[in-house]
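Trainee: Sequence:
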Amino acid sequence: MSTATAATRIRNTLIAIVAVVLSATIFLGFQTQANSTSLEAQAQKATPLEVALTNGKPTLTEFYADWCTSCQAMADDLAAIKKKYTEKVNFVMLNVDNSKWLPEILRYRVDGIPEFVYFNGRGEAIAESIGEQPSSVIEANLDALIAETSLPYAYSSGQTSTFSPPVNAATTAPRTHSAQQQ
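Position 41, counted from 1, in the sequence shown is what UniProt numbering calls 41; the numbers after and before it change by one each time, with no gaps.
What the hints contain is simulated information worked out from the structure, not anything from laboratory work. On a predicted model such as this, the values are computed, not experimentally measured, just so you know. One or more hints might be untrue.
Unchecked claim - Below, in silico cross-link-like pairs of lysine-lysine (DSS-like), each with a Cα-Cα straight-line distance of 27 Å or less:
#1 Lys45 - Lys82
#2 Lys84 - Lys57
#3 Lys100 - Lys45
#4 Lys57 - Lys83
#5 Lys84 - Lys45
#6 Lys45 - Lys88
#7 Lys88 - Lys57
As the list claims (entries may be wrong) - Quick list of the computed label-pair ranges, beta carbon to beta carbon:
#8 Ile15 - Arg109: 39 to 45 Å
#9 Thr25 - Thr3: 29 to 35 Å
#10 Ile17 - Asn120: 17 to 23 Å
#11 Phe27 - Glu124: 43 to 49 Å
#12 Gly56 - Pro134: 27 to 33 Å
#13 Asn98 - Asn120: 21 to 27 Å
#14 Ala80 - Glu148: 22 to 28 Å
#15 Phe27 - Arg107: 43 to 49 Å
#16 Ser135 - Val21: 34 to 40 Å
#17 Ile15 - Ser135: 47 to 53 Å
#18 Asp66 - Asp111: 17 to 23 Å
C-beta: ideal position from N, C-alpha, C; glycine also.
Sequences and hints are given; from them, build the entire structure.
Mentor: Below, the structure is given as structure tokens:
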């Protein structure tokens, strides 16, 4: 066997090994992405707000952002909670970076994320909590929400990421329009 033929075989073998490794990596990457509990994956599975507030089931609405470290830290726990309570509670996710949700951001005075707003089966906001919450706290609140009793951990605070809603001239406070304020 000549040196050129041996070199060609080694090169072809290396190419085949690299191709197999790359194929396995891509396959495993897609599997991991499909099973992901990322915020984006959860948001895609979430109940639309309009449906949640009119279907008669209690609702937990989460105001979040993809860049929010507290939101990311809670993603796995929330995915498990959503799986456990999916038959009894609507789960809505509203991304604060989407200007579509600015009316809701202002209505519920979202000033830190994650922020959770709890709605009864009639679509009325009855409680909220802000910041990272242990899964036991969220579950206790959901159990109370389902039972139509007061939520034990409503208005509680945990670690938040700073957030300021975008404001334009159409949404500024009425008092700011006058140049003669003192």
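Trainee: Taking the hints in turn, state whether each one holds.
Mentor: How the hints compare with the structure:
1. About 10 Å separates the Cα atoms of lysine 45 and lysine 82, which keeps this hinted pair within 27 Å; it holds.
2. Simply put, lysine 84 and lysine 57 have alpha-carbon atoms about 15 Å apart, close enough for the 27 Å limit, and the pair holds.
3. Taking the CA atoms of lysine 100 and lysine 45, the gap is near 18 Å; set against the 27 Å cutoff, the hint holds.
4. Distance check on the hinted pair: lysine 57 and lysine 83 sit about 16 Å apart at the alpha-carbon level, within 27 Å; holds.
5. Restraint check for lysine 84 and lysine 45: the C-alpha separation of about 14 Å stays at or below 27 Å, so the hint holds.
6. Annotation: proposed proximity of lysine 45 to lysine 88 holds, straight-line Cα distance about 15 Å (limit 27 Å).
7. Between lysine 88 and lysine 57 the CA atoms are separated by roughly 7 Å; this keeps the pair inside 27 Å, and the hint holds.
8. As the Cβ distance of isoleucine 15 to arginine 109 is approximately 60 Å, the hint placing it in 39 to 45 Å is violated.
9. For threonine 25 and threonine 3, the hinted distance range of 29 to 35 Å is satisfied, since their beta carbons lie about 33 Å from each other.
10. At roughly 60 Å, the beta-carbon separation of isoleucine 17 and asparagine 120 lies outside the given 17 to 23 Å, and the hint is violated.
11. Taken as a hint, the range 43 to 49 Å holds for the pair phenylalanine 27 and glutamate 124, whose Cβ atoms sit roughly 47 Å apart.
12. Remark: the range hint 27 to 33 Å for glycine 56 to proline 134 is upheld by a beta-carbon distance near 29 Å.
13. The given range of 21 to 27 Å is respected by asparagine 98 and asparagine 120, whose C-beta atoms sit roughly 25 Å from each other.
14. For alanine 80 and glutamate 148, the Cβ-Cβ distance of about 24 Å falls inside the hinted range of 22 to 28 Å, so the restraint holds.
15. The beta-carbon spacing between phenylalanine 27 and arginine 107, approximately 45 Å, falls within the hinted interval of 43 to 49 Å.
16. At about 38 Å, the CB distance of serine 135 to valine 21 agrees with the hint of 34 to 40 Å.
17. Separated by about 48 Å at the C-beta atoms, isoleucine 15 and serine 135 satisfy the suggested range of 47 to 53 Å.
18. With their beta carbons about 19 Å apart, aspartate 66 and aspartate 111 fall inside the hinted range of 17 to 23 Å.
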